[in-house]
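Engineer: Single-letter residue listing:
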Amino acid sequence: MRLRLTPRDTTYFDLLAEIARHTVTGASLLAELLGSSRLDRHAIAERLSEAEHAADDATHSIMRRLNQTFVTPLDRDDIYGLASALDDCMDAMDEAGHLIVLYKIEELPMLVSEQVQVLQRCAELTADAMPRLRNLDQLPEYCVEINRLENQGDTLHRTLLGEMFDRATDPIALIKLKEVVDVLEEATDAFERVANMVETIALKES
Amino acid sequence: MRLRLTPRDTTYFDLLAEIARHTVTGASLLAELLGSSRLDRHAIAERLSEAEHAADDATHSIMRRLNQTFVTPLDRDDIYGLASALDDCMDAMDEAGHLIVLYKIEELPMLVSEQVQVLQRCAELTADAMPRLRNLDQLPEYCVEINRLENQGDTLHRTLLGEMFDRATDPIALIKLKEVVDVLEEATDAFERVANMVETIALKES
Amino acid sequence: MRLRLTPRDTTYFDLLAEIARHTVTGASLLAELLGSSRLDRHAIAERLSEAEHAADDATHSIMRRLNQTFVTPLDRDDIYGLASALDDCMDAMDEAGHLIVLYKIEELPMLVSEQVQVLQRCAELTADAMPRLRNLDQLPEYCVEINRLENQGDTLHRTLLGEMFDRATDPIALIKLKEVVDVLEEATDAFERVANMVETIALKES
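Protein chains in written order, with numbering that gives the first Met the number 0: chain A, 0 to 205; chain U, 0 to 205; chain F, 0 to 205.
Hints are not guaranteed to be accurate.
No copy labels: a pair is met if it fits in one copy or bridges any two.
Unchecked claim - Below are the SDA-like pairs computed for lysine to any residue, each with C-alpha atoms no more than 20 Å apart in a straight line:
hint : residue 1 : residue 2
1    : Lys103    : Thr154
2    : Lys203    : His59
3    : Lys103    : Glu45
4    : Lys175    : Glu162
5    : Lys203    : Ser60
6    : Lys103    : Arg157
7    : Lys175    : Tyr102
If you're looking for bench data, these hints aren't it; they were derived computationally from the structure.
Can you make the complete structure from the sequences, with help from the hints?
Structural biologist: Here it is, written out as structure tokens:
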């Protein structure tokens, strides 16, 4: 095991910020996909996969580095946890995009666009916050805002489910749409998990 | 960071017991909800949410305290894990109640009431066991009994699924009911996860 | 950093290899179940449960031992994580078998057999790799191959979902089949989780 005693390796913050920036790309590709015709969606889902692979690469760089460095700027487990949770955000958004294409869903309810807008806002706030882990700057504000967004996403999700089941006539169409809507909700939950970890880190390190 | 060298902070046991008591309230509200007409269910689901928020507050108190105390009466990770797992029990029961209201499910099979009875028993045993973490008293008995209840819940769940699919004529009604039944099974699993952690703690500390 | 005071306890490697061998049995029982008539499936599902219980017993032996030994040949958390993840592989395969019986599914698409073939290969490679944790021999090769198999499983899963929804006429049959197919995909993911942990361990220990 190589020891690196000085100075503390700050590449971690850059890599975490990089994964978060890929989620910003992912969320805006999802928004683009929703606004496109079925013919164009396949190509957009491919770009979404590219963003997902890029996030994966950055996550692997963090894992490799964690196993080779002795001194880390945050607890090893916290860095590992943040990278995994950011990766979960990306994976869920990628899955939602691919399901829409795979299931050939023609039209999605308006509230699905609102779910994606919540995800876009979550991704932007997270990408802004990651570099601030360095100096623990304005992290509580970010955590409060993500929690507010997650509550908003949760309400949207429940309203959507209520509407979908009230109007449902085609059970197969319902199964498809429900999976998309549930996976988008999982993406919001994953962003909240990132924010909860940041809150814990901010408390410990301050 | 404040150091508290003596004596060991026992507030953790009180807070864990508090979350567990909220799950007792939650399970009995679920039972009440099942026995009520659709008109009354909304108000009961609201009270279930209040119990869920109260459990959330207690969980957050534990997390904050963990990040500010140096000496803890159990391993930090074990306290964190127990609080999270207890919170999962509460979340799943809250979700089940809200889905029943949201999906406007008129009648539920008898076996769903039996699932909830298993949850009530799990919650009571867990609330009894949490204070005994202090002196590691009679914990193996509690773990064995929860494992027995989880097996019973598992059998109920499989029997219910079999019945539901055998009798199903309305696929949309089936989708709704299956989600409720699956979430109740997740709640039982979460109680088993708590008991498994307690078993591990009892082995380590004894 | 670990102190190694006495000969390292290598029983852990034997027990991990044992759980992995139970997953080999489980995967081949699943393949047998798929190839059998509905009448014979019940008995095969019972044998699947026996393999699951045996894996459970080995997992519990590891947990008990972990709580009573001071010196372990790998990080305590890594052994715990590997045992849990191997157990998840077994649980998902057992659940898939039981769902096929419970839901009385007559015929399964050809691609489901291919999903199970991927699982058989994953299980065999994992059972071969576990004893090599002792000397960290040829672990990268195993990890690369499991990742390739998981990608193959993922493609199979998406293709299957696409086919199923394209052809679906009976929504209730679709719900049943989708659950089986999703649980088989979870089993493949669980094998990938094992391989990712092995990769991390190999990096740390080398």
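Engineer: Any hints this thing doesn't respect? Which numbers, in order?
Structural biologist: none
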